[in-house]
Amino acid sequence: MLVRRNLLFILMSIEIMLNAAGLAFVTAGARWAQADGQVMFIFILAMAASEVAVGLALVLQLYHQNESLDADAANRMKG
Amino acid sequence: MSVIAFYIAAVIAVVTTLLVITRKNAVQALLYLAVSLISVAVIFYDLGAPFMAALEVIVYAGSIIVLFIFVVMMLNLGKRATAAEAMLLRPRMWTGPTILAAILLAEIAYLLAHGSTGASAAHVIPPTEIGLALYGPYLLGVELSSMLLMGALVGAYHLGWHKQPKPETQDVHREHATSPDAGRGPVRTGSGRIVGAA
Chain D
1 MLVRRNLLFI
11 LMSIEIMLNA
21 AGLAFVTAGA
31 RWAQADGQVM
41 FIFILAMAAS
51 EVAVGLALVL
61 QLYHQNESLD
71 ADAANRMKG
Chain G
80 MSVIAFYIAA
90 VIAVVTTLLV
100 ITRKNAVQAL
110 LYLAVSLISV
120 AVIFYDLGAP
130 FMAALEVIVY
140 AGSIIVLFIF
150 VVMMLNLGKR
160 ATAAEAMLLR
170 PRMWTGPTIL
180 AAILLAEIAY
190 LLAHGSTGAS
200 AAHVIPPTEI
210 GLALYGPYLL
220 GVELSSMLLM
230 GALVGAYHLG
240 WHKQPKPETQ
250 DVHREHATSP
260 DAGRGPVRTG
270 SGRIVGAA
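If you read the protein sequences in the order shown, they are chains D and G.
With the first letter of the first sequence counted as 1, position 49 gets the number 49 in our numbering; the numbers rise by one all the way through.
With the first letter of the second sequence counted as 1, position 136 gets the number 215 in our numbering; the numbers rise by one all the way through.
Please keep in mind that the hints were generated in silico from the structure rather than gathered at the bench.
C-beta: ideal position from N, C-alpha, C; glycine also.
Worth double-checking, as some hints may not be accurate.
Said to hold, decoys possible - So these bits of chain G aren't anywhere near chain D, every CB distance computed over 10 Å:
#	residue
1	Trp-173
2	His-193
3	Ile-209
To be verified - Here are some of the chain G residues that sit facing chain D, going by a computed Cβ distance under 10 Å:
#	residue
4	Val-99
5	Ser-142
6	Gly-175
7	Leu-223
8	Gly-234
Using the sequences and the hints, build the whole thing.
What follows is the structure, given as structure tokens:
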């Protein structure tokens with residue numbers, strides 16, 4: 001995530017990390033036979049869905065502003 | 080037997096995730112990401128969480144990947160899109176994800192045929208229990224996540240709404256009002272071409 005500078009790949013990496021956290025929750029819930037882990041996974045799912053919606057809208061805005069998906073090209077807020 | 084299924088799905092998940100973060104092509108990475116999410120869904124099914132497996136396939140592999148693909152399609156407008164389209168139809172692009180997804184499909188068909196929902200799990204948690212927990216002690220979390228989804232909906236709508244009409248009208252007004260200065264000419268024509276193609 002820090003090496004790749006493409007914004008799409010950064011968002012994909014965030015999805016992978018959230019998915020890993022959800023996998024850990026579900027595994028822990030299966031280990032102790034509780035439903036709490038799966039409830040937490042549902043919350044992570046909702047959060048990931050909303051995050052990716054807003055993130056992709058921001059990516060589209062940035063691409064229309066500076067014609068690039070490079071994260072370093074957007075280091076100025078008022079370009 | 081379902082331990083072997085778990086290990087196959089786990090290996091596929093790790094390999095496809097590594098392939099996602101090392102690909103240069105976004106569409107190829109998205110295909111591998113979809114396979115990775117589906118393999119995590121198989122792991123959930125094997126862990127005794129079939130409801131989570133269904134949610135993983137529906138929400139992650141269904142809607143989030145489709146959202147990513149929509150954005151990739153919107154970013155590849157113009158002449159580059161046809162070249163990218165021709166490149167996507169080469170077999171080298173889709174053979175890897177197809178083979179891995181076929182392995183996962185055979186695995187889930189095997190698990191379903193033998194009716195072993197989480198034989199390696201000690202206790203299969205039914206969706207009823209999740210629903211009772213969700214609307215019992217986690218009711219505040221449900222309300223908060225509903226507010227989060229509402230905020231995300233409004234935010235995404237607001238961010239996407241100003242995108243199309245605003246640059247075009249600004250460019251038209253600016254070009255009509257002021258004389259085109261040489262310094263910013265190519266930038267404006269470039270953005271205008273992209274907007275026109277959209």
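Hint by hint, here is what the structure shows:
1. No Cβ of chain D comes within 10 Å of the Cβ of Trp-173(G); the nearest lies about 18 Å off, and the non-interface call holds.
2. No Cβ of chain D comes within 10 Å of the Cβ of His-193(G); the nearest lies about 19 Å off, and the non-interface call holds.
3. Not every C-beta of chain D lies more than 10 Å from that of Ile-209(G), the closest at about 5 Å, which undercuts listing it as non-interface.
4. With a least beta-carbon distance of about 6 Å to chain D, the hint placing Val-99(G) at the interface is held under the 10 Å criterion.
5. A cut of 10 Å between beta carbons decides the hint on Ser-142(G): the least distance to chain D is about 7 Å, and the hint holds.
6. About 17 Å separates the beta-carbon of Gly-175(G) from the nearest beta-carbon of chain D, more than 10 Å, and the hint is not met.
7. Satisfaction of the interface hint for Leu-223(G) is found here, the shortest Cβ-Cβ separation to chain D being roughly 8 Å, below the 10 Å cut-off.
8. Among the interface hints, the one on Gly-234(G) holds; its C-beta lies about 5 Å from the nearest C-beta in chain D, closer than the 10 Å criterion.
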